[in-house]
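Engineer: In case you want the letters, here they are:
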Amino acid sequence: MADRPGGTLTAYRALLGAQARSQTAYRASFVVDLVGNVGATVFDVLTVLVLFGVTRELGGFTLRETMVIVGLSAFAFATADLLVGNIERIPRYVRTGLLDAVLLRPLGALPQLLLMDLPLRKVSRALFGLAVWVTAVAAADIDWTPARAVLAVAAPAAGVVFFGSVFVATATVSFFWIESGELANSLTYGGRDFTSYPVTVYGGWFRALFAYGLGFAFVSYHPALALLGRADPLGLPQWVSWAAPGVAVVAAALAAGAWRFGIRHYRSTGS
Amino acid sequence: MGSVNATVAPFTTSNVILWFRTFWAIAASGFRRYSTYRQAALAGIVTNTVFGFLRCYVLLAVAGAAGSAAGYDRRQLTTFVWVGQGLLTVVQLWGWTELADRIRTGDVVGDLLRPVHPVTAYLATDTGRAGYAAVVRLLPPVLVAPLFFELYLPARWPTVPLFVGSVVAAVVLSFACRYLVNTTAYWLADVRGPLVLWTLGSGVLSGLYFPLRFLPEWVYQPLWIVTPFPSLLQTPLDVLVERDPTRVQVTLVAVQICWAALLLAACRLVQRRAERRLVVQGG
Numbered sequence: 001m002a003d004r005p006g007g008t009l010t011a012y013r014a015l016l017g018a019q020a021r022s023q024t025a026y027r028a029s030f031v032v033d034l035v036g037n038v039g040a041t042v043f044d045v046l047t048v049l050v051l052f053g054v055t056r057e058l059g060g061f062t063l064r065e066t067m068v069i070v071g072l073s074a075f076a077f078a079t080a081d082l083l084v085g086n087i088e089r090i091p092r093y094v095r096t097g098l099l100d101a102v103l104l105r106p107l108g109a110l111p112q113l114l115l116m117d118l119p120l121r122k123v124s125r126a127l128f129g130l131a132v133w134v135t136a137v138a139a140a141d142i143d144w145t146p147a148r149a150v151l152a153v154a155a156p157a158a159g160v161v162f163f164g165s166v167f168v169a170t171a172t173v174s175f176f177w178i179e180s181g182e183l184a185n186s187l188t189y190g191g192r193d194f195t196s197y198p199v200t201v202y203g204g205w206f207r208a209l210f211a212y213g214l215g216f217a218f219v220s221y222h223p224a225l226a227l228l229g230r231a232d233p234l235g236l237p238q239w240v241s242w243a244a245p246g247v248a249v250v251a252a253a254l255a256a257g258a259w260r261f262g263i264r265h266y267r268s269t270g271s
Numbered sequence: 001m002g003s004v005n006a007t008v009a010p011f012t013t014s015n016v017i018l019w020f021r022t023f024w025a026i027a028a029s030g031f032r033r034y035s036t037y038r039q040a041a042l043a044g045i046v047t048n049t050v051f052g053f054l055r056c057y058v059l060l061a062v063a064g065a066a067g068s069a070a071g072y073d074r075r076q077l078t079t080f081v082w083v084g085q086g087l088l089t090v091v092q093l094w095g096w097t098e099l100a101d102r103i104r105t106g107d108v109v110g111d112l113l114r115p116v117h118p119v120t121a122y123l124a125t126d127t128g129r130a131g132y133a134a135v136v137r138l139l140p141p142v143l144v145a146p147l148f149f150e151l152y153l154p155a156r157w158p159t160v161p162l163f164v165g166s167v168v169a170a171v172v173l174s175f176a177c178r179y180l181v182n183t184t185a186y187w188l189a190d191v192r193g194p195l196v197l198w199t200l201g202s203g204v205l206s207g208l209y210f211p212l213r214f215l216p217e218w219v220y221q222p223l224w225i226v227t228p229f230p231s232l233l234q235t236p237l238d239v240l241v242e243r244d245p246t247r248v249q250v251t252l253v254a255v256q257i258c259w260a261a262l263l264l265a266a267c268r269l270v271q272r273r274a275e276r277r278l279v280v281q282g283g
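These protein sequence lines are chains A and B, in that order. Take UniProt numbering: the final residue in the first sequence is number 271, and no numbers are missing along the way. Take UniProt numbering: the final residue in the second sequence is number 283, and no numbers are missing along the way.
If you're looking for bench data, these hints aren't it; they were derived computationally from the structure. Computed from a prediction, not measured in an experiment: that's the story for all the values here. In this text, a Cβ means the ideal position worked out from N, Cα and C, and glycines have one as well. Some hints here could point you the wrong way.
[To be verified] Computed list of chain A residues with no C-beta within reach of chain B, every gap over 12 Å:
#1 G17
#2 V35
#3 T135
#4 A149
#5 G215
#6 L236
#7 G246
#8 R260
[Unchecked claim] To give an idea of the interface, some chain A residues facing chain B are shown, with a C-beta separation under 10 Å as derived from the structure:
#9 G36
#10 G39
#11 T55
#12 L58
#13 F194
#14 G235
#15 W239
#16 W242
#17 A243
All chains, full assembly: derive it from the sequences and hints.
Structural biologist: Structure below.
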C-alpha cells in the first residue's frame, strides 16, 4: 500500500470517514454529546465570571484582561483535546491488545490511534473556545499593530500544539505504567486550569514548576501580555512574551521524542 | 408460556440485626473491592493534590488584599478547597455507570434474583467504597495542605459530629442521585444524555468549581432547597469551615438528610416500576 502514491493518505481518510459515519449514525445521541461537551467549557468560563462577581481583579488583572487569557486557554485546550485528546485512552488499548494490532499495520501508530477514535462531539467545545477567544480579543481594547495581529493568530495555534504535546507526552507514561490512570489528568486538565488564570495568581515553587518548568506560562499568560501591551509584573523582559509561541515547537519536539521512546520500549501485555 | 416474575418476595421476618449484618458484609466487600486498585489510588491522590494547589491559589487571589470573599476568610477558603478535593472521591459524583452497564447487558437479572433489595445492596457496596476513599483519598490532601497553606480548624465542638453526619448524608445522597441516573437505562438503554446532565449539574451546582456563596443570595438559596446539588459538597464543607452559626449548620444538614431520604425512596419506587417492564433478551 505504501508503494502507491497517496495510498497512505487514502487509508487515513478512510479511517476518518468511517469514524464520522459511525459517530453520527445515532443523531440524537450525537447531539446530546455535542451539547454535553460544550457545557463543560461554558461552565469553566462562567466560573471566571462568577469569581469576578466577588472581586474586581485577579492577580492584578481586570476581567477584560483575564478573559483574553481564558479565551486563549479554552480554545487551545478544546482544540487539542478534539485532535489528540483521545490518546489518553491508550491504557485501554494496551490492556486490550488493540495497540498490538495497530502496530502491525503499515501506517503510523500515532495517526492511526488518533483517527480511529477522533471524538467529533468535541467540535462544539472547540468552536465555543474560538468564540470566547474572538470576543475577548475584541473586547480587550487592544492597540492593534501588524505584529499583534500575527500574534493573535499564532498564539492560539501554538497553544493547540502545546496542549497536544502534553497529551501525547503524558499518554506515553502508560506504556510503562498502565495503571497511571488519572495521573495524566493533573497535567492535561490541570494545565488547562492553570492557563485559565494569570500566572501572578499562583505562588512559590508551584508557580515556578507549572509556569516555567512545564512551560504553561507561555501558552496564554505571556501571549496575552504581549497583546495587551503590559509589562510582566513578575519581571521577565518583553521579548519573552513575544517569543512565547516558540515554546510550542520545543514541546512538540520533546513529545515526539517521548512517544518514539515509548513505542520502541513498548512490550505487549501478552495474550 | 407463563412469565417469570423477576422480583423476589421481600423479607417476611423483619429482622433488623440480620439486615444490618447483611449490609455490613456487603459494605466490607465493597471496601475490599476498591482497595485492590492501589496504583490508581496513588495517581488519583497526586491529581487531587495538584487541583488542590490550583483551586486554592485562585480562591486566595479572589480573597486578595481584602483577605475575605463572600464571608470566607483566607483560611476558610483554603480548608474549603483542600477538604473539597478529598471529599470529591468520597462522595464520588462521577464515573459510576455499573448499574446502567448491567441493565444494558442484562446482568442486572443477577441482582434481582438475590434476596437483598438491589437499592440496599448497591448502597452497601457504595458505603464500603466511600469508607475506603475516606481513608485513602480524603486524608492525603488534608495532610499535604498544612505543609504549604494555613488551614482553618473548627472552633466549636458540635461542628465535628455535624460534619461527619453531613459527609455520610452526602455519600447516601450522591449514591441515590447516581442510582436514579443509572436506572434511566431501563427505559433509554443509552444513559449518556442523563449522565451528561448529571455530570454538568453536579459539578457546578455542588460547589466544586467555586463556593456557591460567590453567587448572589437569591440564586444560591433556592438552589439549596429545591435541588439536591449543594447538599453533595457545599453543605459538608460549609459545615466544616463554620461559615454559619450552629443553628444554620443543623438546618443545612437537615435539608441534606431530607434530600437523601427522599431520593432513596425515589430509587426504590423507580426500581419497582422498572422491574415491571424489564425484558431481558437472550436465553
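Engineer: Decide, hint by hint, whether the structure agrees.
Structural biologist: Now for the hints, and whether the structure bears them out:
With a least beta-carbon separation of about 23 Å from chain B, G17(A) lies farther than 12 Å from that chain, consistent with its non-interface assignment. Look at V35(A): its CB is around 7 Å from the nearest CB on chain B, not clear of 12 Å, so calling it non-interface is violated. T135(A), annotated as away from the interface, keeps every beta carbon of chain B farther than 12 Å; the closest lies near 21 Å. At the 12 Å boundary, the C-beta of A149(A) stays outside the reach of chain B, the nearest C-beta of that chain being 31 Å off.
Every Cβ of chain B is farther than 12 Å from the Cβ of G215(A); the closest lies at roughly 16 Å, confirming the non-interface assignment. The claim that L236(A) lies off the interface holds: its Cβ sits roughly 19 Å from the closest Cβ of chain B, which is beyond the 12 Å cut-off. Taking the minimum C-beta to C-beta distance to chain B, about 26 Å, the non-interface status of G246(A) holds against the 12 Å cut. R260(A), annotated as away from the interface, keeps every beta carbon of chain B farther than 12 Å; the closest lies near 24 Å.
Interface restraint check: G36(A) against chain B, minimum CB-CB distance 3 Å, threshold 10 Å, status holds. About 4 Å separates the beta-carbon of G39(A) from the nearest beta-carbon of chain B, less than 10 Å, and the hint is met. The interface hint given for T55(A) holds, since its Cβ lies 5 Å from the closest Cβ of chain B, which is under the 10 Å cut-off. Look at L58(A): its Cβ gets to within about 5 Å of chain B, closer than 10 Å, so that hint holds up.
Hint status for F194(A): holds, given a least beta-carbon distance of 6 Å to chain B, under 10 Å. Using the Cβ-Cβ criterion of 10 Å, the hint placing G235(A) at the interface with chain B is not satisfied: the shortest such distance is roughly 19 Å. Look at W239(A): its Cβ only gets to about 27 Å from chain B, farther than 10 Å, so that hint breaks. For W242(A), the interface hint is violated, the least distance from its beta-carbon to any beta-carbon of chain B being 26 Å, above 10 Å.
A distance limit of 10 Å between C-beta atoms decides the matter here; for A243(A) the minimum to chain B is near 26 Å, and the interface restraint is violated.
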